[in-house]
Amino acid sequence: MKRCEELIKNIRPIKTIGSVSKNISSICFDSREVVVQSMFVAQKGTQVDGHDYISKAIEKGAYCIVLENLPSQLDDNVTYIQVENSSLALAHIASAFYDYPSQKLKLVGITGTNGKTTTVTLLHKLFLGLGYQAGLLSTIENRINNEIIPSTHTTPDAVSINKLLALMCEKGCEFCFMEVSSHAIVQRRVEGLRFEGGIFSNITHDHLDYHKTFKEYILAKKTFFDTLPSHAFALSNIDDANGKIMLQNTKAKKYFYGLLSGATDFKAKITEHDFRGMQLDINEHKVWVKLTGVFNAYNTLAIYATARLLGINDNKILKVLSSLNPAEGRFETYVGKNNITAIVDYAHTPDALENVLKTIRKIRKSKQNIITVVGSGGNRDKSKRSEMAKISYDLSDKLILTSDNPRDEDPDEIIKDMLKGTPNDEKVLVVSDREQAIKTAVLLAHKDDVILIAGKGHEKYQEIKGVKRHFSDAEVVIKYLKIN
493 MKRCEELIKN IRPIKTIGSV SKNISSICFD SREVVVQSMF VAQKGTQVDG
543 HDYISKAIEK GAYCIVLENL PSQLDDNVTY IQVENSSLAL AHIASAFYDY
593 PSQKLKLVGI TGTNGKTTTV TLLHKLFLGL GYQAGLLSTI ENRINNEIIP
643 STHTTPDAVS INKLLALMCE KGCEFCFMEV SSHAIVQRRV EGLRFEGGIF
693 SNITHDHLDY HKTFKEYILA KKTFFDTLPS HAFALSNIDD ANGKIMLQNT
743 KAKKYFYGLL SGATDFKAKI TEHDFRGMQL DINEHKVWVK LTGVFNAYNT
793 LAIYATARLL GINDNKILKV LSSLNPAEGR FETYVGKNNI TAIVDYAHTP
843 DALENVLKTI RKIRKSKQNI ITVVGSGGNR DKSKRSEMAK ISYDLSDKLI
893 LTSDNPRDED PDEIIKDMLK GTPNDEKVLV VSDREQAIKT AVLLAHKDDV
943 ILIAGKGHEK YQEIKGVKRH FSDAEVVIKY LKIN
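Numbering (my numbering), first residue to last: 493 to 976.
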């Protein structure tokens with residue numbers, strides 16, 4: 493229980509009607525979760541307006557309503573707190589309700605288009621391997637030390653974030669590594685959190701269905717660094733065109749990492765690589781890691797740099813780093829009979845897809861063909877569909893276009909959009925059923941060939957017409973490659 497006045501002290505209400513000395517049992521923004529003595533925060537979402545559910549929340553026993561627009565009729569038994577932005581208020585209220593958990597551990601956030609999941613997942617594994625208690629908030633899963641808590645969003649809602657951070661503190665976690673999506677930044681889900689550091693990986697064409705313009709997308713990412721405190725560190729990829737821009741207005745201490753530019757704080761170079769991993773020179777230290785590709789060299793360097801900025805010794809970092817396995821669904825390799833290699837990767841943006849395919853082309857031997865199986869998500873940025881198909885066509889020997897998560901769209905219409913990016917020739921096959929597409933790729937593969945199954949990675953479902961059906965690229969690959 494927390495007193496209402498304690499919860500609202502950081503939100504600067506426009507108007508307060510009713511007593512603020514009430515004890516509050518829970519914070520809710522979904523009226524279905526309201527219980528007696530709840531505080532209900534009415535948020536204006538893209539599809540639903542919480543203000544429409546205020547009366548329902550009161551019926552269920554809400555003591556206090558946080559809102560932007562006061563209703564015409566007020567209940568005398570309820571406290572109303574009017575604010576300018578309910579989402580911003582929710583973040584600060586949630587932090588206060590759970591006793592400001594982000595101030596009790598070292599919280600590091602990473603934002604960027606690609607590389608977030610690999611970076612935070614391996615940072616979490618690294619710190620556990622170093623003997624620390626650590627938490628993880630990622631696209632794949634949330635973890636408190638080794639306890640898995642399923643994940644539904646790249647960045648959870650503000651209440652869930654603070655609840656998870658509070659649990660981490662209870663379990664003795666000293667660190668937490670979290671993905672910070674552009675949606676979460678714009679929706680103010682990470683407001684009120686005290687970050688020890690922020691990492692910028694890269695920024696490419698993605699989420700324009702939400703942000704509308706690339707400039708808006710960049711500004712959303714930059715906002716995260718603009719709000720970092722002076723005690724924190726800000727670590728940015730200087731090889732990205734927007735790497736310096738991200739840190740222009742930050743109060744945090746600035747650091748840069750890169751593979752190409754000379755004047756960086758943290759530098760790396762790939763000296764060897766194959767499908768099993770690569771050898772890197774990082775700040776003049778040699779290390780073999782079980783990751784491969786230029787994109788993973790950046791991820792590894794960001795992990796190393798973050799650990800150093802958190803005060804960890806070089807040799808300790810490199811020893812544990814060399815033992816870490818890739819994040820699930822990120823360049824995961826499976827080898828079947830006839831040495832056919834299948835790679836399952838989450839690449840669902842043009843840039844990520846190009847990076848993965850270029851990595852495969854660099855590593856493959858001259859007679860190895862590349863067969864790519866790829867689709868594109870429904871109800872998302874349509875402009876990237878033909879671009880992803882063109883990249884796949886140009887960098888593969890055979891291309892199979894298939895379904896991804898069609899959501900509310902017709903899978904065949906999505907594939908038609910993709911076909912606009914490819915010539916009409918025998919190099920391209922259309923197999924809309926994803927399992928059959930993967931099976932076809934395996935049947936077409938000859939000895940030593942490489943199959944890339946792109947777009948879904950770690951996901952264990954396929955979303956069709958609002959229903960999530962169990963589906964795993966990895967399980968299907970294992971089935972048809974006949975891997976025991």
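I should point out that these hints are in silico values taken from the structure, not numbers from a laboratory.
It cannot be assumed that every hint is accurate.
Derived DEER-like restraints, expressed as beta-carbon distance ranges [what the hints assert, rightly or not]: (1) Lys974 - Asp886: 27 to 37 Å; (2) Asn861 - Pro721: 45 to 55 Å; (3) Ser814 - Asp522: 56 to 66 Å; (4) Asp544 - Glu639: 30 to 40 Å; (5) Asn830 - Arg768: 53 to 63 Å; (6) Ser814 - Ser875: 55 to 65 Å.
All C-beta atoms in this analysis are idealised placements derived from N, C-alpha and C, irrespective of residue type, glycine included.
### Query
When the hints from earlier in the document are held up against this structure, which numbers fail?
Those not satisfied are hints 3, 5 and 6.
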